[in-house]
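So the sequence shown is residues 5 to 336, counted in my numbering.
Since the hints were derived computationally from the structure, they do not count as laboratory data. Think of the CB as a built atom: it goes at the ideal place given N, C-alpha and C, for glycine as much as any other residue. Some hints here could point you the wrong way.
Label pairs and their in silico Cβ distance ranges [as the list claims (entries may be wrong)]: (1) 169 <-> 276: 19 to 29 Å; (2) 52 <-> 252: 24 to 34 Å; (3) 47 <-> 268: 41 to 51 Å.
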Amino acid sequence: MAAAARGGRTMPLSTTEQLLASLVQLAISKDLITADDRFFAVNRLIARLQIDTVSPELGPSLRTGTGTAPASASTPEIIDALVDDAVRRGVCADLSDLQEILAADLMTIFLDKPSSINSRFWQIYRTGPRQATDWFYRLSRDSNYIQTASIARNICYQAPSTYGDLDITINLSKPEKNPRDIAAAKTARSSSYPLCLLCAENEGYAGRAGYPARANHRMIRLALGGEPWYIQYSPYSYYNEHCIVLAESHRDMKIDRMGFQRLLEFITLFPHYFVGSNADLPIVGGSILTHDHYQGGRFEFAMARAGEDFAFALPDWPAVKCSVVRWPMSVL
Numbered sequence: 005m006a007a008a009a010r011g012g013r014t015m016p017l018s019t020t021e022q023l024l025a026s027l028v029q030l031a032i033s034k035d036l037i038t039a040d041d042r043f044f045a046v047n048r049l050i051a052r053l054q055i056d057t058v059s060p061e062l063g064p065s066l067r068t069g070t071g072t073a074p075a076s077a078s079t080p081e082i083i084d085a086l087v088d089d090a091v092r093r094g095v096c097a098d099l100s101d102l103q104e105i106l107a108a109d110l111m112t113i114f115l116d117k118p119s120s121i122n123s124r125f126w127q128i129y130r131t132g133p134r135q136a137t138d139w140f141y142r143l144s145r146d147s148n149y150i151q152t153a154s155i156a157r158n159i160c161y162q163a164p165s166t167y168g169d170l171d172i173t174i175n176l177s178k179p180e181k182n183p184r185d186i187a188a189a190k191t192a193r194s195s196s197y198p199l200c201l202l203c204a205e206n207e208g209y210a211g212r213a214g215y216p217a218r219a220n221h222r223m224i225r226l227a228l229g230g231e232p233w234y235i236q237y238s239p240y241s242y243y244n245e246h247c248i249v250l251a252e253s254h255r256d257m258k259i260d261r262m263g264f265q266r267l268l269e270f271i272t273l274f275p276h277y278f279v280g281s282n283a284d285l286p287i288v289g290g291s292i293l294t295h296d297h298y299q300g301g302r303f304e305f306a307m308a309r310a311g312e313d314f315a316f317a318l319p320d321w322p323a324v325k326c327s328v329v330r331w332p333m334s335v336l
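I would like the entire structure built from these sequences, with the hints used as guidance.
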């Protein structure tokens, strides 16, 4: 990447250098870092990408914000371009798992440690729970943990029915493995760490062949039912602000009285969110049954908009309103 000054003239930055400058400027604009961090950040990117020769004009470009890639370029687009360049130069193998690991690792350069993020979250929470989740959701998007470019490929629409407008989603966001990835996963050394995809130990985990990258993954600590739990966002969301609420302890899912207590405590903490549990049964639950967790978010499902067939009262709990929902399955 030669771009030395000649005869008083400066050579333009290479495409890769423009991408580096753009990524740093984007991180500053999104408040992931400050302008004081720009040289540190770009140097860490250069080291991670094993770029040997860099133009002396990169420094002035970072100072002035000039010489960057097109302003319309998004973080996922810039990251993808840098990873593609690393593959071309032989720095990263042409395997999707390893490319995801590199992409996530690049974004950790702009991310604080979990303790700092949790401190900031609960500080904002004093202003209001919605402001706190807005900040954390934006951070999870800006850090490229939430795969916004992939999610944009999903097909979502509403379909009218006798039960109201149904929300239909065709999920196209989760990446499919090619034969090379499958072969690499088969030959990779087996590991049982982390125990599952929902374990707290995933926070910051680099990933490996056959296991997703989580270097840029961050979670918020909270207490439910007198024990430690976490809230995170789904990297491949099915609906707006799709969050996962998970136990610190790796234990099987179980629907019991304490589970309902934890759900009620959660919506007390975050009244603008809904939360629910999958069934704790194989196949029926359609979820990871080996780790106790719930799912929530800021979304109104068609079931919540459905009408009533009839209402009834519970004499022992007069403040509770009950009804049978007009729905194709039994719903109270």
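Exercise for the section: Sort out which numbered hints this structure fails and list those numbers smallest first. Expected result: Result: no hint breaks.
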